[in-house]
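**Student:** Numbering follows my numbering, with no gaps: position 225 of the sequence shown is 225.
There could be a bad hint or two in this list.
Unchecked claim - Okay, the calculated beta carbon distance ranges per label pair:
1. G296 - Y199: 20 to 28 Å
2. V18 - E119: 46 to 54 Å
3. A345 - T508: 18 to 26 Å
4. K312 - K124: 19 to 27 Å
5. L467 - Q351: 54 to 62 Å
6. R344 - G415: 26 to 34 Å
7. E569 - Q499: 47 to 55 Å
Unchecked claim - Straight-line alpha carbon distances no greater than 30 Å define the calculated DSSO-like cross-link-like pairs of lysine-lysine that follow:
8. K312 - K331
9. K124 - K138
10. K343 - K312
Read the hints as simulated data drawn from the structure, not as lab findings. In this text the structure is predicted, and so the values were computed from the model without any measurement. Glycine is no exception: its CB is placed at the ideal position from the N, C-alpha and C atoms.
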Amino acid sequence: MLVVLVAARTLRRVDVLVAAAGTIVLTLLAYAISHGLEDFGSPALRATVSLAAIAIATVLALQSQAATATLAAQARLLNLSHDMIFVRDIRGVITFWNDAAAEVYGWSADEAIGRVADELLGTKYPADRAVVEAALLKNGRWEGLLEQRTRTGARLVLDSRWAMQRDRFGNNVGVLETHTDITERQAAHAALVRSERRYRRMFDSSRIGVIEEDWSAVRTELANLAEAGTSISDHLAANPDFYARARRLIKILDVNAALLSMVSAHDRMQLLTTLDDVLGAADTTFAGALVAFARGDAFYEGETEMVSSDGKSFPVLFTITFPSSPDDGGKALVYVMDITERKRAQDAIQQAQAELAHAARVATLGELTASIAHEVSQPLMAVVTNGEAGMRWLRREPPEFNEVEIALGRVVAEGRRASDIVKRIRAFLMKAPSHRDELALSALLEDAAALVQRELAKVNVQLKIELQPHLPNIRGDRVQLQQVLVNLMINAAHAMAGQRGARMQFITAAKTEVNDIEIIVRDTGPGIPHEHLQRLFEPFFTTKPDGMGMGLAICKTTVEAHGGRMTVESLPGQGATFRVTLPSGDAFAAA
């Protein structure tokens, strides 16, 4: 028996059988040598007992080897598991520790066996420890989430399953614990939950209307057409009723509060099932959206009208983001912005622009009227003055017919000048080209001086004209340039009308270094205040009580139209100086 038991420690079945057979043969041989084969008394009984003991020991050894092999196989299976598995007794002391537990927790089997599991792993339970134990004792099993630490101090979230081990008498002898590490899964789930909450918060709190739509049915329809070899564009063109059916196929899954406010609804269940519930019958954008979806575009945007729950239409801008793949579940997001106020603002702006354009036309007409009145008033006043002078010469005894003839000639000349002014304005309105000729500067100044001679005489202004010898001619419109000079001379005369000192007006003309002609009109009047100089050439700005403020503006425009420039200089109490610079005829010829 001892030999069989020793052989059994090798854990090999053949060793046990060889040892058993050997001891049986030796027992029989010893009996035969000692007692022979003829006497079967008490020695034979003892030999039989010995043989029975050897057989029983052999059977028990073989059974123990089989049980040990089974347990070893089970242990190997437990070690193959990716889950952490250990066994503890009812006091919590670890009696088995698999390879996965050693790898994940960091303690080897030798270090873990014999330690209390909760103390070694720092276990944190979802409820009180006593409640968990009570559930285990009652049901024989327990499942739940708990936390344990590793040797490095890292905390693991585990999906834990416990099973109570009982002996053949039903007594609790141990607990098998299986743990699955779900730390990353839990973190991913937590991130997903946070993302979902963030998305929901953005969805619900956005001031832009958002609609979540299901386009999967439409995708299926289009896929069937593609499998049948039908061109989607051709099918849509040949079957316009498909658009109306597709609108009903698209289901509205969810809307946010901003969209509900737009359509005057109180809750999501009140109205929204398909696109027909929000799109007007006259919508023309859905066809383009459907074509874009069939083409595989990522988004589609446009402007349309939506219908509220009370049947009223309102304009919106929208953008549809289509599902990028079938994995998205066919869900599309539609972002909607109510542009009712923007439309009203645009209409108001258009109306304001129309009113502004009308006001501009009225202002332009007023400026044109003022310009005509200003330009024509001077020759008309001269006509009246010369006509009155002619009448006085006729009433004398005897009448002075020569003076009457001179006055009538001036009347005719002023009338022609007025006619020329009107013709020039008419030509300007008709966009006719300006009529420009070679003009001798001396003749131009003399004609202008003759026109204002009577005005200057009325206010006792002495005029002196000095011209540089051999000045080249200038090129321009005689009447327009004449009006510029007349305007400047009359303005100077009016400025000096009330002063007591000398009333002198000087006109000089000379050639500049760049071959331009500079005409300077200077007076000895009170001058122009500094604050008025910057605005002197603005339309309707005047320093005269009865002035219109158009004369200098017209003069500056006329000079610039001739390619020149006009400036003013003045010091209070020292008169005003106007400089008119015009290109000479030589410059035009060279160009």
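**Student:** Which hints from the list above does the structure break, by number from lowest to highest?
**Tutor:** Result: hints 3, 4, 6, 7 break, sorted rising.
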